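J.: First to last, the protein sequences are chains E and W. The opening residue of the first sequence carries number 1 in UniProt numbering; numbering runs sequentially from there. The opening residue of the second sequence carries number 1 in UniProt numbering; numbering runs sequentially from there.
Hints are computed from structural coordinates only; laboratory data are not their basis. This structure is a prediction, so every number in the text was calculated from the model and none was measured. Think of the CB as a built atom: it goes at the ideal place given N, C-alpha and C, for glycine as much as any other residue. Certain hints may be false.
What the hints assert, rightly or not - Here are some chain E residues the structure puts well away from chain W; computed CB gaps all over 12 Å:
no.	residue
1	Val34
2	Arg143
3	His274
What the hints assert, rightly or not - On the chain E side, residues computed to face chain W include the following (Cβ under 8 Å):
no.	residue
4	Thr333
5	Leu362
6	Tyr369
7	Met371
8	Ala424
9	Leu426
10	Gly429
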Amino acid sequence: MADSKAKSGLLLDIRNLRIEATVYPPGEAPKNIVLVHDVSLTLEKGKVLGLIGESGAGKSTIGLSSMGYGRGGVRITGGEVILNGRDILKGGKEGFRKLRGREVCYVAQSAAAAFNPAHRLMDQVVEATLLHGTATRAEAEKRAVGLFRKLSLPNPETIGERFPHQVSGGQLQRVMTAMALCSEPDLIVFDEPTTALDVTTQIDVLAAIKDAIRDTHVAALYITHDLAVVAQVSDEIMVLRHGRLVEWGGTRQIIKEPRQEYTNALVSVHEIEHQEQQPGTTPFLSVKNVTAAYGRSHIKVLKNVSVDIYPGQTLAVVGESGSGKSTLARAITGLLPPEEGTVTFDGRPLANKLADRPKEDLRQLQMIYQMADVAMNPRQTVGTIIGRPLEFYFGIRGRERDKRVADLLDKIEMGKGFIDRYPAELSGGQKQRVCIARSLAAKPKLIICDEVTSALDPLVAHGILELLLELQKEESVAYLFITHDLATVKSIADSIAVMYRGEVVRYGAKSKVLTPPFDAYTDLLLSSVPEMEIGWLEKAIKGRRMASAGN
Amino acid sequence: MLDIKRIPIPALIGIVLTALFVLAAIFAPWIAPHGNGEIVGDVWEPMSATHWLGTDNLGRDLLSRMIYGARITLFIAVLATALSFSLGSILGFAAAVFGGWFDTLLSRLVDLLMSIPTLIMALVVLSVLPTNLVTLILVMGILDSTRVYRLSRAVAVDINVMDYVEAAKLRGENEIWIIFREILPNALSPLVSELGLRFIYAVLFLSTLSFLGLGVQPPDADWGGMVKENKDGIVFGIAAALIPAAAIAALAISVNLVADWVLNRTTSLKGGRG
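Make the full structure from the sequences, and use the hints.
T.: Written out as structure tokens, the structure is:
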């Protein structure tokens, strides 16, 4: 493999890469669309290049091209991919087979979906090494155990005997990294390895990946849409948009002195100024000592939770997955009747069960979901989706209804033309906007927002947050904002409840909650939010007082 | 809206053939050259200018018998399928939405019905009850609805846990809205493909019953019954039995061509406008 180019330190050289796919619009002739427009990049040995951009920017497509792979009918139609001094696109099927899993390895976004649940972890970790015959089983297993230790997995000697469902999500992601490193490749493609994880888990995985890259001198392409994350691990960053190169430079230059407007927008995305409102005298909804469990289980998901929500204000509920945030929402809406405690609304107790609540109470509490795609019936048009609450609660029909729907579409900054569209014809951000309009149509006092921006690209999420704040001013609606993203909390909340294992550990006005001294958990949460600053990761790891619950 | 030029050729063939069968069935007395029971010639006459498809085992005009047979076959099969689908899917959806004891009771009842082979069950019931069209349709429809029930319950259970159904429940919608407006449109694709299949099963089941003498009673005959009447001719090299059999096959194929096309359109999440 060693030839002149490899000696000079250049590992991967992609030149004028063009990637196309054929789309089959119904009723029209199939046509070609270009996904990646003549992108070039180079990567030296042992360096990390971050690929960043929103969905559809072509980051994963470019990343996978380094192993000659096109996902789902995608074709590499132009350019060269030179790895270790040879154009791998000319190697044919046999060449790819020798290359994949040996010279280039891949770490997928969802480790849970990428592991075969029927095989033990160790068998899957050493599989590629054995297939390529670079080591005996004993050697490979020894190497794997060493990698488990390096990635600070618990019980490195025995964790390989477990099945994928027996380890946590963050651990599985690290096992997958070990799997990629096991065959000692020259290049690893990390495809959003921490996007599906909690902030507190993300930091562990990130640190483990960074250490492993440093110690094994492997080069990496790190694909993500989170600029703060990529700033921690990569030497250089490449910003992509619509399959074209926007900007390519050193990490410091990209985050400190972006030269392109788009990069600048990405860098400054989280900053929304939100003046905290003083709590009013009387809350209109108070949750008092609520305890809840699923089924007849003895494990309480909510333990003695009490929070108040004031008219026209936002209460943010923060915590990791499994801390009971969404369960609190389910208890308030009546989907999960609490075992103990009460929910009071406008001075009177709300019925525990959904079925016992009058229509008027249902109208006052609306909900927006995390996944807008599944929160709307795919067979109903936008007009029906937004218009139904109008018909249902107010009996508005016909032309009057259409007019109100148009008004609502206007409010969420979408035109009248969307009224006849189906959800499949909307973008992710538009879908979430329609969900917001649907909940607004009921003219509620409270909207419960369950991780509404988590599934969206940063720029789109930013737009949604601004819209929510704008609507709060106009309609004086209150929000119960469930999230694990503290940056979002800072920009939208008036008061904050921090939840940990079913309990509220810190609760009060935003300024109070976010002012030191912190309790250990709030400190962990706050320090785990990636900051766009080089060296933040090391500082954050050093300063931690407790390990996250997810690990 | 519907542009004829955009209908794919197989679907067009299916539509034309199905339409021909349906038209023949509706206008049978006007189209048929002879009466249904009228003896017009010798036994098993070959095809000729006067009798296009020849005559049957009693010397009746086969073409006329075929046209009248289409009427009975389609009438019973359509009604039985309609019954099995409305019964099966509504109960299946309801079981998925209500859950609990309602679901358990209904599902076990359906299991019980399905544990007895359909044909034997039908034979027993039909030999006890008076044989007329109403009992025939009811028996066929109810027996077939068990299959539809299982399918639609399975589909609806998956849809019932989607966020948009939860959103509708939170809004306070009643079960009728949830079944017909949230679940039904999303369950349509598997149901339509099943419909094409079940309709043909209904035709074949009717034919089987008639063949065994428990279906349509003489002198009326559905296509299956006509196969039975003329089956002895095959030994003598007379094709009269094959003609109704071919008609059944043609109907099966053309209905499924249409069903596949409808399926293509209902699976589109963009309202079929591409």
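J.: Compare the structure with each hint and give your call.
T.: Structure-based check of all given hints:
1. Val34: Nearest chain W Cβ is 21 Å from Val34/E, so the label holds.
2. Arg143: holds (43 Å)
3. His274: The claim stands: His274/E keeps its Cβ more than 12 Å from every Cβ of chain W (closest is about 28 Å).
4. Thr333: holds (6 Å)
5. Leu362: Interface hint status for Leu362/E: holds (4 Å vs cutoff 8 Å).
6. Tyr369: At 5 Å from the nearest chain W Cβ, Tyr369/E passes the 8 Å test, so the hint holds.
7. Met371: This hint holds: Met371/E lies near chain W, its Cβ roughly 6 Å from the closest one there, short of 8 Å.
8. Ala424: Constraint on Ala424/E satisfied, holds at 4 Å.
9. Leu426: violated (11 Å)
10. Gly429: violated (17 Å)
The structure shown violates the earlier hints numbered 9, 10.
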